[in-house]
Amino acid sequence: MSNIILEAQDIQKSFTDGKSKVDVIRGISLQVKAGEFVSIVGSSGSGKSTLLHVLGGLDRPTSGQVMVNGQRFDTLSEAERGYVRNAHLGFVYQFHHLLPEFTALENVAMPLMLRKDTKFKEAKQQAEYLLERVGLSHRLTHQPGELSGGERQRVALARALVGRPKLMMADEPTGNLDRKTAVKIFELLSDLRREFNMAMLIVTHDEQLAQSADSILHMQDGVWV
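Last residue of the sequence shown? That's 225 in the working numbering, and every number before it is there in order.
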């Protein structure tokens, strides 16, 4: 059985702006293997976030193909891609995207509650464990508006991990935080990756944080450099 979790072949992504076409990704290919940590480094506008969205099924490529666990991913319907993401992928964004009306515990448990085979008690137990693991056992009943920026990002990290994904995908997960908090979040993310034996693909403009990756890919103007 192949140990390749994610594979992209000749990905291209274009957008139409009025009468002109903008090529954001121009022929990108990559592989992420089980347990591997890959970072994609590039300046703002290099196309790295667009690439991550395509790889994670949040958007479709204009051409090329994306495979998850050896299965074609980009041709699935939106609902089917959502199912695969929930089952195999975890996402952390620069902005936490927590649901403001729900508590930290409810936000973290939500991905499991969307699975028909998971009972509320089990989802709650796993959410409590992850929040404790990220140092927020005292914030279970707090809503996002009652948390600091670093705490909200920790909740988002717990939410991404609650389904025990095979691959964690992170888009500038520390870009909205001060340096001290950013380093702590990144160290926590790395520790949890090892604990859960998962692969990680992170996009960042921060060369220093990217240095701990097994492989560093540099992106500029939609291509590897």
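Don't read these hints as lab results, they were simulated from the structure. Treat the hints with caution; some may be incorrect.
What the hints assert, rightly or not - Quick list of the computed label-pair ranges, beta carbon to beta carbon: (1) 77 to 179: 39 to 45 Å; (2) 179 to 146: 20 to 26 Å; (3) 132 to 43: 19 to 25 Å; (4) 87 to 33: 15 to 21 Å; (5) 70 to 146: 38 to 44 Å; (6) 208 to 72: 19 to 25 Å; (7) 23 to 138: 44 to 50 Å; (8) 65 to 21: 31 to 37 Å; (9) 79 to 14: 43 to 49 Å.
Claimed, not checked - Okay, derived cross-link-like pairs now, BS3-like style, lysine-lysine, Cα gap no bigger than 27 Å in a straight line: (10) 33 to 184; (11) 121 to 166; (12) 180 to 119; (13) 124 to 180; (14) 116 to 184; (15) 166 to 33; (16) 166 to 184; (17) 184 to 121.
The model shown is predicted, which means the values in this text are computed figures rather than measured ones. Backbone N, C-alpha and C fix where the C-beta goes; we use that ideal spot for every residue, glycine too.
Now for the hints, and whether the structure bears them out:
no. : hint                   : result
1   : 77 to 179: 39 to 45 Å  : holds, 42 Å
2   : 179 to 146: 20 to 26 Å : holds, 24 Å
3   : 132 to 43: 19 to 25 Å  : violated, 37 Å
4   : 87 to 33: 15 to 21 Å   : holds, 19 Å
5   : 70 to 146: 38 to 44 Å  : holds, 43 Å
6   : 208 to 72: 19 to 25 Å  : violated, 36 Å
7   : 23 to 138: 44 to 50 Å  : holds, 48 Å
8   : 65 to 21: 31 to 37 Å   : violated, 21 Å
9   : 79 to 14: 43 to 49 Å   : violated, 25 Å
10  : 33 to 184              : holds, 25 Å
11  : 121 to 166             : holds, 23 Å
12  : 180 to 119             : violated, 38 Å
13  : 124 to 180             : violated, 30 Å
14  : 116 to 184             : violated, 35 Å
15  : 166 to 33              : holds, 10 Å
16  : 166 to 184             : holds, 23 Å
17  : 184 to 121             : violated, 30 Å
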